[in-house]
Structures are given as C-alpha cells and as structure tokens.
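So the sequence lines, in the order shown, correspond to chains A and R. For the first sequence, our numbering gives the first residue as 31, with consecutive numbering after it. For the second sequence, our numbering gives the first residue as 56, with consecutive numbering after it.
In case anyone wonders, no lab produced these hints; they're calculated from the structure. Yeah, the Cβ is synthetic: ideal placement off N, Cα and C, and Gly gets one too. There may be inaccurate statements among the hints.
[As the list claims (entries may be wrong)] Listed next, the in silico PhoX-like pairs over lysine-lysine satisfying Cα-Cα at most 25 Å (straight line): (1) R/Lys66 / A/Lys142; (2) R/Lys117 / R/Lys133; (3) R/Lys133 / A/Lys72; (4) A/Lys142 / A/Lys98; (5) R/Lys117 / A/Lys130; (6) A/Lys130 / A/Lys142; (7) R/Lys117 / A/Lys142; (8) A/Lys72 / A/Lys142; (9) A/Lys130 / A/Lys72; (10) R/Lys66 / R/Lys117; (11) A/Lys130 / A/Lys101; (12) R/Lys66 / R/Lys133.
[What the hints assert, rightly or not] Rough simulated footprint, nothing fancy, chain A against chain R, three-plus residues with beta-carbon under 8 Å: (13) 98 to 105; (14) 161 to 170.
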Amino acid sequence: GESVGLHLPTLSVQEGDNSIINCAYSNSASDYFIWYKQESGKGPQFIIDIRSNMDKRQGQRVTVLLNKTVKHLSLQIAATQPGDSAVYFCAENFGGQGGKLIFGQGTELSVKP
Amino acid sequence: DARVTQTPRHKVTEMGQEVTMRCQPILGHNTVFWYRQTMMQGLELLAYFRNRAPLDDSGMPKDRFSAEMPDATLATLKIQPSEPRDSAVYFCASGLGRQVLDFNQPQHFGDGTRLSIL
Numbered sequence: 031g032e033s034v035g036l037h038l039p040t041l042s043v044q045e046g047d048n049s050i051i052n053c054a055y056s057n058s059a060s061d062y063f064i065w066y067k068q069e070s071g072k073g074p075q076f077i078i079d080i081r082s083n084m085d086k087r088q089g090q091r092v093t094v095l096l097n098k099t100v101k102h103l104s105l106q107i108a109a110t111q112p113g114d115s116a117v118y119f120c121a122e123n124f125g126g127q128g129g130k131l132i133f134g135q136g137t138e139l140s141v142k143p
Numbered sequence: 056d057a058r059v060t061q062t063p064r065h066k067v068t069e070m071g072q073e074v075t076m077r078c079q080p081i082l083g084h085n086t087v088f089w090y091r092q093t094m095m096q097g098l099e100l101l102a103y104f105r106n107r108a109p110l111d112d113s114g115m116p117k118d119r120f121s122a123e124m125p126d127a128t129l130a131t132l133k134i135q136p137s138e139p140r141d142s143a144v145y146f147c148a149s150g151l152g153r154q155v156l157d158f159n160q161p162q163h164f165g166d167g168t169r170l171s172i173l
C-alpha cells in the first residue's frame with residue numbers, strides 16, 4: 031500500500047551556491063534557538079545556536095539570522111557542498127522549560143554537483 | 056570527539072515483547088533526553104532527566120513506557136509490552152545545564168535505536 035508521511039520541504043541548490051533555509055517558530059517567549067543537521071541513518075548534529083538577545087551569529091560557513099518581530103529564523107550556508115545534503119531542523123526553547131526543545135518539521139537540502 | 060552512545064542500533068522483535076534501549080550520555084553532561092522520530096510525527100520529546108532526576112515525561116505513554124537513569128553514565132528507555140505503533144527511531148541526547156535558570160545549552164544526539172515491532 032501507499033505509505034503516508036510528512037512531506038518535507040525540499041531545497042535544491044547547485045554546488046558552490048549559497049543556501050538559505052527558513053524556519054518559522056511558534057512561541058514569542060522562546061529565548062534560545064538551534065539548528066541541527068541530520069544525515070540518513072544518523073542522529074541530529076548540532077550546527078549553530080543563537081540566543082534571543084542576538085540577531086545574527088556566524089560560524090564556519092554558516093550564519094543564523096533571528097527576526098523576533100516575525101518569529102523567523104534562517105540558516106545560511108555559504109559555498110554549499112555535496113556533504114551538506116541532509117535534513118535541517120530548527121528547534122526553539124520556550125525558556126524556563128528545563129531545556130525542552132521543540133523541533134520544526136525539517137527541510138531537506140539537496141546539493142547538485 | 057565525545058559522543059552519545061546508544062545501544063542497540065537496530066532492534067526487531069515481536070509485538071508483546073519487552074524492549075530496552077540504552078544510552079550513555081557524554082561524560083559530564085547532567086541532562087539526558089529521550090526522543091522518538093517517525094515519518095508521521097517528526098521528532099517528539101518523550102522524557103528528560105536532570106542530574107538523574109526525571110523532570111518531564113509528559114510525552115511518554117505511561118502505561119507501557121518507562122525511563123530511568125540508574126547512574127550518571129546510563130539512561131534506559133523500556134517498552135513493555137511493545138506494539139507495532141512503537142516502531143520508530145529512538146534518540147537519546149545529552150546536554151550541560153550550568154545554572155538553575157539557564158537551560159539554554161545545545162543537546163548532543165546519539166545515532167539512535169531503530170526499532171521495528173512486528
């Protein structure tokens with residue numbers, strides 16, 4: 031029979047281009063946000079985090095932007111490589127919730143060589 | 056690099072059997088989380104512990120699931136009796152919460168236990 035499941039948003043980019051993955055979060059009181067990368071058969075891998083008192087944070091080839099006005103988070107990957115192909119999740123912490131993270135549904139990034 | 060270790064990586068068993076999944080958090084981490092990931096529901100938090108004490112298990116079906124931390128280096132998630140709807144990938148994650156009011160630290164995940172209940 032036909033399988034039913036989540037249909038993840040998919041982003042397809044050319045190798046070497048920049049990628050932007052977007053995430054809308056749910057709670058205006060959230061004060062901490064994380065991006066994770068999940069490759070097939072593996073657990074989510076921490077990429078970068080940002081606190082609500084910041085608008086932007088940069089890592090190696092990655093930048094996270096936070097817009098609290100519209101409750102929007104984005105992950106920018108510079109010079110995307112085939113090894114960046116994975117599902118990317120954003121997660122928010124409501125704060126005062128003992129570290130409980132709420133995960134988004136994920137975006138699948140496909141990098142074409 | 057320090058890693059969260061989960062065993063077994065794969066488990067196939069028949070409905071009604073007891074299943075035990077184990078997790079070794081990163082040494083020094085004081086917070087341990089259990090998640091379940093399915094195609095339908097995505098990543099769901101089942102339970103978590105701080106300093107070995109359960110803080111929240113509201114995401115867990117209480118009648119058949121139980122989570123414990125016998126010591127700081129071992130967390131277990133048990134299902135008894137197991138049902139086909141429990142088939143999923145179960146992840147353990149650990150983190151370091153430094154202060155009482157500051158829980159904002161990244162969680163580090165293991166590679167999961169892929170569970171299939173027939």
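Hint-by-hint comparison with the structure:
Among the hinted pairs, R/Lys66 with A/Lys142 is inconsistent with the structure: their alpha-carbon atoms are about 34 Å apart, more than 25 Å. Between the alpha carbons of R/Lys117 and R/Lys133 the distance comes to roughly 11 Å, so the proposed pair stays at or under 25 Å and holds. For the given pair, R/Lys133 sits about 21 Å from A/Lys72 by alpha-carbon distance, which is consistent with the 25 Å threshold. At most 25 Å may separate the alpha-carbon atoms for a hinted pair to count; A/Lys142 and A/Lys98 exceed this at roughly 33 Å.
Taken as a hint, the R/Lys117 and A/Lys130 pair is honoured in the structure, with Cα atoms around 19 Å apart against an allowance of 25 Å. For the given pair, A/Lys130 sits about 35 Å from A/Lys142 by alpha-carbon distance, which is inconsistent with the 25 Å threshold. In summary, the hint linking R/Lys117 to A/Lys142 is not supported, as the alpha carbons are separated by about 45 Å, beyond the 25 Å threshold. Proximity of A/Lys72 to A/Lys142 is assessed by CA-CA distance (about 21 Å); at most 25 Å being required, the pair is judged to hold.
Taking the CA atoms of A/Lys130 and A/Lys72, the gap is about 21 Å. The hint holds against a cut of 25 Å. Using a Cα cut-off of 25 Å, the hinted pair R/Lys66 and R/Lys117 holds, with the two alpha carbons roughly 21 Å apart. Simply put, A/Lys130 and A/Lys101 have alpha-carbon atoms about 18 Å apart, close enough for the 25 Å limit, and the pair holds. With a C-alpha separation of about 13 Å, the suggested pair R/Lys66 and R/Lys133 falls inside the 25 Å cut-off, and the hint holds.
Against chain A, the stretch 98 to 105 of chain R contributes 4 residues with a C-beta closer than 8 Å to a partner C-beta. That satisfies the three-residue criterion, and the hint holds. Only when three residues or more bring their CB closer than 8 Å to a CB of chain A does the claim for the stretch 161 to 170 of chain R stand; here the count is 7, and the claim holds.
Of the numbered hints stated above, those contradicted by the structure are hints 1, 4, 6, 7, listed in ascending order.
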